[in-house]
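A.B. asks: Sequence:
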Amino acid sequence: MLNICIIDDEPLALEYLESLLNKIEGVRVVGKYCDPKNLIAHIRNHKIDAVFLDIHMPSVKGIDLADELLNIQPSLHIIFVTAYNEYAVKAFELNALDYILKPLQKDRLQLTIDRIKKENKLESNSINSTSNYTIQNLGAFLIEKDGHPLEIRWRTAKTKELFAYLIQNHNQAIPKSELTNLMWTNLLWNKAHSQLYSTIYQIRKVIQNTGIPIRIISQDEFYQVKMNGVKVQSNEWKFSAIELLEGDKLSITNYFTLLEAYQGDYLEELKSKWVFEERKQIRKLWLQLIRNLIVYFNDNQDISASTVARLYALVSFDEDAVNLLKREIK
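Those letters in the sequence shown? Residues 1274 to 1603, per the working numbering, in order.
Any given hint could be a false lead.
Unchecked claim - Restraint-style ranges between C-beta atoms, simulated for each label pair:
id: 1; residue 1: 1486; residue 2: 1319; range: 21 to 31 Å
id: 2; residue 1: 1454; residue 2: 1332; range: 19 to 29 Å
id: 3; residue 1: 1580; residue 2: 1427; range: 36 to 46 Å
id: 4; residue 1: 1554; residue 2: 1380; range: 49 to 59 Å
id: 5; residue 1: 1494; residue 2: 1571; range: 47 to 57 Å
id: 6; residue 1: 1459; residue 2: 1536; range: 27 to 37 Å
These aren't lab readings, by the way, just hints derived from the structure by calculation. Everything numeric in this text was worked out from a predicted model, so none of it was measured. Here a beta-carbon is modelled for each residue, glycine too, at the ideal position from N, C-alpha and C.
Based on the provided sequences and hints, a complete structural model is requested.
C.D. replies: What follows is the structure, encoded as structure tokens:
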């Protein structure tokens, strides 16, 4: 049984929506509201499957209310109800689970209910609290579960990029204005705000579907990312590299382990400016590891040709690194 709440500032519209939902098998309307505060209180105290809400209400914007509700229950399905025609809805680009145009019809509601049930089944199958997750971001950007990459269909390239940015800055509160200026600088504020909400929603659905223990919490004008035991490859790699470079002795085994992990530059597929500084710092550490090995090889003539060949193989994807080896190894 799906537990559903509905909200609209028009009481007659609420009554009509409730009557249609009550005609659909497996649905129970557990709350109907005109006041967003009462809906928020309900969501805080009860597990709900979905909320049908009007995009335009006089006291609150639908996207802001949805954002607050998802902050309380990240697994909640949001369905927008609107009197706007399809072209207007497309302009908003609010990619919630679904949107429904007024006047409402039972057959259209049935399709939405079927989608909710399908999504719930997928999410239930994906949950595994004992799994280990790693975000791989040296080279290709991947999420791994128990050492195996997950196949993720990102809604848009911007969704994937914003997720990468949130991960990079997960140790700090991130202003929403910073995200809109960074990702949608060419759009008017209202449009950028809608895009931000839409993209955050899609990221939350990826998190829900993969089971990765990450929460995106909305706090007034900021987002905070909470990560429960999720490893970030670049962070782990940087810590290990710095530790090796500051050590007194050079361990070929440990050096090669780090070089094997470096399959490409940090978030190499992204060309956005915000990536460059972190990419520069990590690449600098990587090149220093290579230089240290070159010095060690040159000082120890008993280094085998196969060891040198292995180093060449590990950096073969990068022309600058290959040229460095050719130029410096004696």
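A.B. asks: Could you tell me which of the numbered hints above are not met by this structure, giving the numbers in increasing order?
C.D. replies: Going through the list in order, the structure violates no hint and respects every one.
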